[in-house]
Structures are given as structure tokens and as C-alpha cells.
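Novice: Read off the chains here:
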Amino acid sequence: MELLFALTAGVLYASGLYLMLRRRLAQLIIGLGLLTNGTNILIFTSGGLTRTNAPVLAADALETTEPFADPVPQALILTAIVIGFGVLAFSLVLAHQVHRSSGTDDVGDRQ
Amino acid sequence: MSSLVLTPVLVPLGTALLTAALVGQPRAQRLTALLGTGALLGCAGALLREVQRMGPVRTHLGAWPAPFGIELVADGLGAAMVLLMAIVGAVTLLFQQSCADPAPARPGLLPLFSVLLAGVGGTFVTGDLFNLYVWFEVLLLAALGLLALGGQVRQLDATLKYFVLNTLGTLLLLVGIGYLYAATGHLNFGALREAAGRGEAASWLPFLVVPLLAFLVKAGAFPLFAWLPASYHTLPGPLLALFAGLLTKVGVYAILRTLSDVFAASPRVIYECVGWLAVPTMIVGALGAAYHWDLRRILAFHVISQIGYLLLGVGLGTMAGASATVFYLGHNVLAKTNLVLIAAIVFRLGGSYDLRRCGGLYKARPLLAVMFLISAFAMVGAPPLSGFWAKLMLIRETLLLERGVWAAAALTTGFLTLYSMSKIWLEAFWKERPPRDESHGSEAGHALERPEGLGCAYAAVGILAGLTVALGLFPEPVVSFLDRSAGQLGVARVHPSPGFGGAP
Chain A
1 MELLFALTAG VLYASGLYLM LRRRLAQLII GLGLLTNGTN ILIFTSGGLT
51 RTNAPVLAAD ALETTEPFAD PVPQALILTA IVIGFGVLAF SLVLAHQVHR
101 SSGTDDVGDR Q
Chain B
1001 MSSLVLTPVL VPLGTALLTA ALVGQPRAQR LTALLGTGAL LGCAGALLRE
1051 VQRMGPVRTH LGAWPAPFGI ELVADGLGAA MVLLMAIVGA VTLLFQQSCA
1101 DPAPARPGLL PLFSVLLAGV GGTFVTGDLF NLYVWFEVLL LAALGLLALG
1151 GQVRQLDATL KYFVLNTLGT LLLLVGIGYL YAATGHLNFG ALREAAGRGE
1201 AASWLPFLVV PLLAFLVKAG AFPLFAWLPA SYHTLPGPLL ALFAGLLTKV
1251 GVYAILRTLS DVFAASPRVI YECVGWLAVP TMIVGALGAA YHWDLRRILA
1301 FHVISQIGYL LLGVGLGTMA GASATVFYLG HNVLAKTNLV LIAAIVFRLG
1351 GSYDLRRCGG LYKARPLLAV MFLISAFAMV GAPPLSGFWA KLMLIRETLL
1401 LERGVWAAAA LTTGFLTLYS MSKIWLEAFW KERPPRDESH GSEAGHALER
1451 PEGLGCAYAA VGILAGLTVA LGLFPEPVVS FLDRSAGQLG VARVHPSPGF
1501 GGAP
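As given, the protein sequences belong to chains A and B, one line each in that order.
Quick note on numbering: this note's numbering labels position 81 of the first sequence as 81, and the sequence is numbered without any gaps.
Quick note on numbering: this note's numbering labels position 109 of the second sequence as 1109, and the sequence is numbered without any gaps.
I should point out that these hints are in silico values taken from the structure, not numbers from a laboratory.
Among the hints, erroneous ones may be present.
[To be verified] Pairwise CB distance ranges, derived in the manner of DEER restraints:
(1) B:Leu-1392 with A:Leu-57: 56 to 66 Å
(2) A:Val-93 with B:Ala-1046: 36 to 46 Å
(3) A:Arg-100 with B:Met-1054: 39 to 49 Å
(4) B:Gly-1045 with A:Asp-106: 42 to 52 Å
[What the hints assert, rightly or not] Sample of chain A residues with no beta-carbon within 10 Å of chain B, all distances over it, derived:
(5) Gly-48
(6) Thr-50
(7) Asp-60
(8) Thr-65
[Said to hold, decoys possible] Under 7 Å between C-beta atoms, here's a sample of chain A residues computed to sit facing chain B:
(9) Ser-46
(10) Leu-49
(11) Leu-78
(12) Gln-97
Even glycine gets a Cβ: it sits at the ideal position worked out from N, Cα and C.
Isolated chain B, as found in the complex (with noise of 0.2 Å):
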């Protein structure tokens, strides 16, 4: 079942094909979207249990053997990301069928929707570099697309500095394989990890440099994420969840596998470099969230700290580090997700993202107010939910490398993340509904009134905070499977041992 390798970007595909065709029916259009995400979302089940059984999935398209010509292959890890993705696609189409902050219904939204997920599941099972710069600039051009779809000065503008900053990314990546090309000779995964374990890692060291730049670009690392706050809190609700819970990751993969697969050989002080990258980027995101009163833009930064501490588990190098990357990851993306389309939510019920004029919906809707604290402990890290077993993780493996400064920021960011959290608490549930103000918004006072056509928002969040518990309680299964496709990676071989301390 090799072609099963094939789906996470032929089914995406074919479903913005097709709803590109029905562009005049918009029921239509919408049935066959969320038919698609469904078909994906199978697909990448019987993905993963295929990988779990048989171990990596490869195909060689055109029949050109592997060097040569453009290999597809999904390990575990590549799965399991194309699984998440999957997850998150459907979840927010199926919110955009709400009432709540829905992207507005443009003709090409859904095609776009679909390529965008081509372009992500295409970089989570390519086994080429240069076929990873391709879908690449595909979701990047597909998501250009969503932020621009609104068509207000804001977006425009949000879109032009997404375009510049994102472009400069891609452009760095294709001078980064072209050095990478001079110096190995090779493309494909497989053979540059094996020119790299060969090779004086000296003659390709400083090139492998310069994609590493672009993947930071791609992730919003410090001090290179300005392009993300600067476009982020100009999405409507789902496709923001879209984004925030995948664009950045796309980026946070490509360095894992670059760092812990293929050039695994690296020097320790290129991992060293991530790790103090991280730091800050843990640091000056979560103040940033700390700063601002907008829930976008809250959110916003928040994924800039989170991928602080993606990086963190990169730059600590070994198999248990990049095994607790991916848990925390997986943990990551679905409860941001959630408090994305929770945002979006309570912008339907307060009618505003401005926290100051939100309030009483503890009392009004007890139940939003239960999802959002399962998702917002989790993204805090308190037992027993998801984020709790993925900063164990983490911060177990930092301190036994003794890496006590990393430890310490991940844990202080926990705290100012926690701030923030409390601060939407406080604000959005928990006190009362400040008096209506009739120079903002004219529809903002009556929306507590009549929230109908929530269901699927509810749908939405329910799913994503069943999951977030789901993992929570149960998650010794994907820890043991992530450990062992972390045993497939190449850093298995280089560091298989944790606390191998600063040798390199």
C-alpha cells in the first residue's frame, strides 16, 4: 500500500480541483469540501497505521530510483503530522459552517482551503529538498490567498508584509539548496544524510546554515517573526485556527527533520545556536501576549512562544529531545487550535476581540467557559492534560543535559503563559458584561441575545477539547510510538542516548 504515501496530497488536491469546478454552487461546493477534509482525515488514519505496522512508507514517483528522481516517504513522524493536519483541517471547515467570525464565503475560499493543506501535507511527506521548497511556495501562495480573500485595506496591507517577509524565506531556502547541492551533490533525504555522515561536516556546515534561516523565517523564531503578529490578527476565526495551528509548525518540522534526520552529523554548536534561539523566542513571545488586550493578537504571540519551545526540544539534539518536539507539537496544535476558534466564538457571543469589552460569559455559556479552561491549562501545562505530559517531557530532558537556563526560560514562560491565560479568564468569563457601548459596533451589543447556528463551532471545539483531554489521560500509546519513530530518525544513530552531555 505504498500509494497510501500518495493521498496526503493527492486528496487535497483533487478536492480543490473539484471545488474549484463547482464554483457556482456553493452548497455543493461545500458539501464536496468537507467530503474531502473527511476522506483526508481516513486517509491519514489507515497512513499511520500502515507506518506503525510496516514501518516507513515510500514510493518513487515516475519509477526513477531513489537519488534521482523525487521520493515521497511518510515515517512516523511525517504521519503522524499528516494525521494532525488532517485533524485540523477538518475541525475548521467543519467551524466555518457556523455563524461564528466565518471566513466570508469568497468563491475561492475553498479551493484555496484545499491546496493549503496540499501544500502542508505535500512538506510532511516529500523526501526531496527541492520538493520541499515546491510546497513550500504552494502553501505559501495558498495562504497569500486566504489572508488577501477579505479584501479590506488591513488584510492588504497584513498580506504585502506576510508576501515580503515569507517570500525573502522561500528565496533563502532556494539559495540554501543550491549551496547544499554544490557542496553534497545530492537532493534527496536519504543520500544527503549519508553524504553528511561521510563528509567533513566543514564543507557543508556553513550552507546547511542558510536553509536552517529560512526554516526560522518559516517557524517565526526570534528575532525573525515579524511578519507573524504583523498579518496574524487580520484572519477570520477558522482560517486563524488554520494558521496558528499549522503554518508555523510546517516550519518547525522542516528543522527537525533537517537537524534531527537528515544532517543529524551536525556539530553541537549549530543545535546550541537553536537552543539559545529558542530562549528569547520563548521569552518575547509570551510578554508580547502579556502586552496586548486584542484575543488575535494575544494568540498570535502565543504561537511565537510556543515555538520557542519546538525549538528548545530541537536544539537539545538528541532522540528523546526530538521524540518530546513531536509530543509537543501534536499537543500544541490542537489546543491552539481550540483556543483560536474559542476566540472566535466569544467573538460571536461579545461581539468584540477587544478583552475590555467582553465579559460575563461564565454565566451565560458554562460550557465554552469549560472548553476553554481544558485548552488553556493544557497550553499552561497543569496535569492531567496533554501539555502537562509535553513540558515534563521537554523540561525532563533539558535538566538532564543540564541545561538549566533553557529549563528555567521554559518554565518562566509557563508562568507569563499562565498570565495571559487568567488574563482572557478574567476578562472574557469571569467578569461582568461591561455596559453596552454604542460608539463600537453596531451588531457587538445584541449578539449575546441570539447566538443561533453555533452548533458546528461547538461541534468544532468540543472535538478538539476531547482530544486535548484524550491525550491527556491516555498518553502513554503516541508517547510509545513517537519514541519509536524517533528511533527511525537519524539522530537515533548519532546521539541514541540521552545525557550524552556536550561531546560532539
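For reference, chain A alone in the conformation it holds in the complex (with noise of 0.2 Å):
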């Protein structure tokens, strides 16, 4: 299972780098996107993946039942993903006043 997610991310990495290496505007936003969705793969996988018990206590019991999941990565990422969906708003309202300022989506040839 953690293999799985370790190539989804590695997958995700290469793809937005890629991406990002081919100097168009629209290119750089979604290769970001990638990799910030990437990291979070691989943050979520970071805590290690367990199948079983949830980390909350039950009404009366005084200890969760172990194995239970890690929550602390899957508050990491809830956080992670705000922020990653608000520099991606922010990414777009940018490029799209790169482009129609500058007339180009070619991020290097431009001065």
C-alpha cells in the first residue's frame, strides 16, 4: 500500500516538473498543482497507512484501541491543501495578468 502511494507520488512529482520545464504559463500552474498534490500524497503516506481502528476515543472508553491511524499527518494535509488550493487561486489571477499585460505565455521570453 505505501509503495502504491510512494510512486503515485513519485508519478505526481515527475509530471509536474515536467510540466513546469516546458516555460508556458498554463504549464507552470498545473505542473504546481501537481507537485503540491504530490506533497501531499506524500505527507499523507508519511504517518505510515494503517487499515484498522480510527484515532478517537469511544464514549467510554479512557485509551483509543490500538493500531489506529496517525492523525497528525491528516491534519498536516488538511492544512496543506487550503493553503496549496489558495496559491493556486492566486497563481491563476497571476498568470492571467502576466498574460494579458505582457501578451505572451512564454515564461522566459519576456523582459
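Two independent chains are provided; combine them into the complex using the hints.
Specialist: In C-alpha cells:
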């Protein structure tokens, strides 16, 4: 299971980087989005994947029942997803403005 | 008074909300922003006093105990950084009130300015690695907003480059946090410190490299600084001062916090790498500055070469090295911010940032010339100004550790800095004013004749020059405070005495 997630993250990174190196605005933004999601999956995997109990106390229990999933990475990617969403929204507006004011979508060819 | 540690975040955030609510009323908005930075300055001073008296101040958000909840901590290092930030924020905002190349008075300017300060403040007081990432994103987005505010093509283009390279940096940081969490099971600085001290270094060292790379991107270290000269020169004066004074320093602070405090148990090789990275950073930055004629580009490259000095201090990996780094940081923030502000006044008086088109300012504005000399000599490291003590501490420690090449690089960079400072002096201040060039800039010609509205600008520059001189004449209290603060860092336990040699 971890291997599958690691491979997914790797594929997302590879395709994200490839798109970012294309020097086109749209590809740049999509590539950045793929990198963000690859990172999210990587963090999700970093706590180890378990398919057993939820990390929540039962109504009358004093301790959670082992083994349970690590809740911290899930909290982390929730934050990271929200931030990534904000950054993506900003990048879309920025790309739109850059394209409108300079008239080209080539990242390198502009002074 | 543990709630004081919240103020570096809460006060600027509150100011940001108030100024955002006052968007329709520019006067009230400006007054609120000024009062807000004033309050931040007061709180930063109080925090520093509290830390001085009682040691590190900490609070646990939501009353969750340390390794589980998010902790805010201000130790000596953090409190000193917060005070520096408050000074730079207040002074640049004061400068913004003058007519010397101010940022365009868009409604979003002051809220973004305050959010940027909140982000920087957050990185200085956070005690949690993931929270550090969140503050990095906050300050990155605020900085992007400020960069794009002008709306010209070259500014938008600069924003795009800044955005892409810095976002890659923060993503790298996020990856590193994921790895470090997987390796140690902790995010809290205190818990990470214990885990790093306990465990085998090989289990977390490969993962530490990833966030370190991210911090090096943020700091603008060789060879990861491409975003800095591509964007900084498009900023208006006060914002360039804020960026040059604070933003790269946040990256250095994060490296210092990681290597000298939390992961002070790292093997020597990683300090070695940082130290060897510092050498080209210093030299390349100074050479880039020597090449350019645009004041803003010169100063932007100087930011890079100064980052080299700071990395050198971290790379020494001793307690004295850490203390010297923080002193250098303080000196550098004051002198650098002042140089950028003076450049903005030069632009206002001479009509151009291009040195070849300025001149005659020594005769026309002797006071400004003195202010420039103070900051430039501080930057170069002439006694008795602050830069002298900073370089003395740093190079002395380098020589004690028998790092001849590093010391030689630092001294060479000092001479290169002297070269570009004398270039600015000769061109902008000493040479005769060049004949008016009608083809360039219509307002350029007669700016010198009617320079009204520079009062706030002179006040801001005067305050910073005064602080530089004070730090040069009375370094003792600051140095002893920083030495005590460095004693609280993790490096004090691992490498307490200077001159420990290469033993791991």
C-alpha cells in the first residue's frame, strides 16, 4: 500500500516538474498543482498507512484501541490542501494578469 | 506574561484587519497602520525585556501540552529577531509617508504590509515545524501581493518568478516536514531536539537536508538565489527596504534555528556544507553588485553576499558562531534597510536609480551624504561602526576554528563591498551632476530643485543611522545578551566551547 502511494507521489512529481519546465504559463500552473498534490500524498504516507481503528476515543474508553491511524499527517495535509488551494487561486490570477499585460505566455521570453 | 509571545503575530494581524476595514478612508487607514507598528514595537520591546528577565517565554495554544499542541516560544534569539522586525516595519512605514519613491497607495498596500509582518513574526516565535511552514506561506503570499501591487509588466513578471521559485521552496519544506515526521514522529521543536539527540543521526540526517535546502532557497544562498535579483529591483523604495531587510533573513533564521538549535546534534559534514556554500554566496553576491550600475540591483546583490556571511556564521557550528551570526544579522538588517532607504532618497533627488545619471548630492545634501557614509562604512566593516564588531566576531571565530579559506573569502568580500560602496559614493554623491538628459524621464531633471515632503524619509534614515552608530559604540550589552541567548540554544550543549576542531 505504501509502495503504491510512494509511486503515485513520484509520478505526480515527475509530471509536475516536466510541465513546469515547458516554459508556458498554463503548464507551469498545472505542474505546480501536481507538485502540491504529490506533496500532500507524500505527507499522508509519512505517518504510515493503517486500515484498522480510527484515532478517536470511544464513548466510554480511556484510551484508543491499538493499532490506530496516525491523525497528525491527516491534520497536516488538511492545512496543506487549504494553503495549496489559496496559492493555486493566486497563481491563476497572477498568470492571467501576466498574460494580459505582456501578451505572451512564454515564461522566459519577456523583459 | 506568557501572552506577550502572541503579540508578534496578533498585533500585526489585528492591524491588517483594521486597515482592511478602513479601505475607503486612506487617512484613517494610514494612521491605524502607523499606530499598529508602534504598538508592535512596544510589544517587541516588552517581550525582549521579559525574556531578558525570566528566560524563554512560551505559551501553548488551546492549552494542549507541548508535543501535541502548537507551541509559541520566544527565547533570546526569537525576541531579538522580533524586535528587529518591529524596527524595520516601523521605519519603512514611516518612510512610506514621504514622497521618496513610495509604494503606490493602493487600498491593499497597508493590509498586506501588516500581514507580511505577522508572517515574519510568526516564524520568529513558533515552536513547531509545521507551523513554521504555515508562516512561511503567509509571508510568501503577502510578499507576492506587495510585489504585484504596482501592476506594471516588469513587476508582474518579477512576481511570477518570485512566486514559482519560492513556492518550489515551500513545497520542498513541506516534503521535508513530512520526511522528518516520518523519521522522528515529532514536529515540536523541543521534542525534535530530544529525538535528534537520542536517535542515530543517520536515521534523520538525510531528511534534514530537504528542509535545509528549502531554507537556503528562502535565504537566497548560492546557487539558489535566482529569484532574488530577478524580482527585487522592481520594488518601490520602502518595500525594497522591507524585503531586503527582513525576508531573506527569515530563511537564515530558520537555518540557524534548525542547525544551531533543534538539530545541533547533526554531524559535522552538514555544517561543513553550509560553510562552503557561504563562500560562493559571499563572492558571487559581491561580484554581481560590482557589475551593476542600478542602485537597486547593486543592493539586491549585496543582500546575497551578506547572506553568505550569515551562512558562514551558521556553518561554524559553535555557540560563539551562533552568537556572532545573530549580531551580524542585527547589524546587517539595520545597515541594509538604511542603504535601500537612502537609495530611494537618491532616486527622488537625482531622478534615477541609475548611478550614471545621478551626481552632485554631496554638495546639495551633505546630511544625506553623512547618513550614507555611516551605513556604507557599517556595511564594509569600518570601526567603530556596528559592522566592524560583527565582522570581528565572525572572522575571529572562523580563525579560531582554523578555517583560513573561509576567513579569506569573508575578508575579500569586505573589499568587494568597499568597492561597490565607493562606486555609489563617487557616482551619486561626489561627481558633478551630469547634464540633464531630456530623453530619459521627464521628472528626472528638476527633482533636485523642489524636494519637498522628504521629512519622514530623513527621519526614518536618521533613526536607522543612529541605531547603527549606537550598536557600534555600545556593542557590549547586545553582545552579552546574545551570548546568553546562544547559551540557551541546542548548540551550547553540543559544542559549547570555541575551537573544538573537527571532532564529530
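Novice: Are there hints from earlier that the structure breaks, and if so, what are their numbers?
Specialist: 3, 5, 10 and 11
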